[in-house]
Amino acid sequence: MEMKIVAERTKLWADKPSPYCPGCGHGIVHRIVCELLEEMGLADNCVFMAPVGCSILAYTFLNVDVCQPAHGRTPAAATGIKRYRPDTFVVSYQGDGDLAAIGTAEIVHAASRGENITTVFVNNAIYGMTGGQMAPTTLPGQKATTCPDGRDVKAGMGYPIRVCELLRSLGGVAYLARTTVHDAAGAIQTKRAMRKAFETQVRGEGFSLVEVLSPCPVNWGMGSLEALRFVGENMTAYYPPGEFKVSGAEV
Amino acid sequence: MSERVLLRGNDAIGEAAIRAGCDCYFGYPITPQNELTAYMARHMPELGRIFIQAESEIAAINMVYGASAAGARAMTSSSGPGISLKQEGISFLVGAELPALIVNICRGGPGLGNIAPSQADYFQACKGGGHGDYRMVVYAPATVQEAADLTVKAFDVADRYRNPVLLLGDAILGQMMEPVEIRPYAPNRPEKPWAVGGKRQGRAPNLINSLSLEEGVVEEWNWKFKAKFDAMRREEGMVEKVNTEDADLILVAYGTTSRICRAVMKRARAQGLKVGLVRPVTVWPFPYAVLRETARKTREFLVVEMSLGQMIEDVKLSVLDHAAIHFHGRPGGGIPTEGDILEIIEHVLVRRRTGTVTTRGSVIDWTIS
Ligand SMILES: Cc1ncc(C[n+]2csc(CCOP(=O)(O)OP(=O)(O)O)c2C)c(N)n1
Ligand code: SF4
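Chains A and B, in that order, give the protein sequences. Anchor point for the first sequence: position 197 equals 197 in this note's numbering, and the numbering is continuous, going up by one each time. Anchor point for the second sequence: position 90 equals 90 in this note's numbering, and the numbering is continuous, going up by one each time.
No lab work stands behind these hints, which were simulated from the structure alone. Heads up, the beta-carbon is just placed ideally off N, CA and C, and yes, glycines get one too.
Derived list of chain A stretches under chain B, where covered just means 3 residues or more per stretch with a C-beta under 8 Å from a C-beta of chain B:
#	segment
1	37 to 48
2	60 to 66
3	69 to 79
4	104 to 111
Below, in silico cross-link-like pairs of lysine to aspartate or glutamate (EDC-like), each with a Cα-Cα straight-line distance of 16 Å or less:
#	chain 1	residue 1	chain 2	residue 2
5	B	K199	A	D44
6	B	K199	A	E38
7	B	K274	B	D246
Looking at chain A on its own, in the form it has when it is part of the complex (with noise of 0.2 Å):
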């Protein structure tokens, strides 16, 4: 029998194994960044921005040039290296207390800059690596060891954040969506929108960000379904995907 061979492991991620819990949404995520920048043929010019969170580890496996800096800095150390080396192709890669809690300021105004990078912002309603606090962006009655009895917006805990919302807006984005990696349709639309987000790059057309709408099974105290059902269910519904901004104009 003739065998073709239809897909194959992106060679980008190195043959070790995944420091992530089972049904973590961050191994599809590098998973789709990995394929694009082998099929754009930007590999050999990228650098993999890891945040202060889980992803931090990405550096233990990709086959990138990897920068870490300090937690939330992310967007401000992306500035540093693509000012001073423009061929450098920019992953900027964020968790939601990274990016909207911590660091908002630093996003905030990366993109106000149109900072010619890519940020891929996973949203998975909580804070993964140091145990599965509250974070910016946890749901209305979702619990967490910060909000043991629920989220209580009322109660000084504060609405969850739109991060799309807030930066459409900002005259420097070029790129904007959301999408979630919770079933094979929305990976697939997830790396179409990440691919429009490095094509925006590649043309230099300014700041371009994916947030994804991502399971962490572990901190939010639900099996690998049952954690999928979650971002398909409740985070979409407060979280709608879709395309906020294409070239820069309001979608």
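Assemble the complex: chain A is given as a structure, and chain B with the ligands must be docked to it using the hints.
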């Protein structure tokens, strides 16, 4: 060709940085260093280099982190409160072994303090203001010329050790205009095969980070850093000694305060009082050995600082109990006067007294118990 020009300290640091091949400057407004940021805003883009007014000092130091990771000669500058915000970033620069220049044109503190000259950031600069076990070379220029020369040197030293370097000035140095010889300079830039970015063309991927969760790795890094810090201690210390051979009393001061002390020394000598001066040019590494040596002959030391007394702890570590150490300091933007310092010298050397004197309505306390 060197040119002699009249320059403000802040501008001279900017011009020197440009001549040293600074590729990227990232700043945020704060007095009394604003002229430096403005100088870079005007001149860096003209040369096709990078200038960004960042959204905060935190962002600025992290832009430095990124640019340096990509192989740039990068710098930032600020004053007290802004330098406090950069401490995390400085610690990360050391941890990730990234060269950079940080300039602190120090102002009165704590808190927002004022915009007057101060030396109250000595501990922060020399004793590791950020977290972790780190050191960095800290230059403390006393003249605009020296500020320019040490800025150039700082970039080379930072690259040599892959470690940040701090230039510690104060509002007087930053604002004062003096003639400066701006020398031509061929930047001595090493290859940076460890840098990220650009076309890899077959080289293995590089990694810039300061984290390892593997057992023993961070301890190993720290031992490696110690070897670098030890080399800095051996190679990079700079100190000026004046009239120490026959001195009955040695003034110890750095930066602007050392200029006041130099004038006091001349006046004291004119009165027949044998006064010398030791001026640390690097406050880290501190010239422990030089001071220890002078304490073999000299029995009285007078430390003068624009603070409540910070460098004095290093003078004590040098001299131990071999000599008496007196102190005169003015905190919060106060500037020691020649008259007050001379008064103390006369009390120590002529009246053989220790303690407190009242002169022209102000109380000067100089004895360290
Ligand atoms: C200055 C600082 N504060 C706190 C921490 C601890 N810390 C590490 S990761 C993290 C949050 C990560 O959460 P998120 O960004 O949502 O990423 P995830 O782990 O969920 O992917 C925190 C608070 C730190 N490393 N540095
Ligand atoms: S804690 Fe959550 S985000 Fe972190 S690896 Fe595990 S599942 Fe993924």
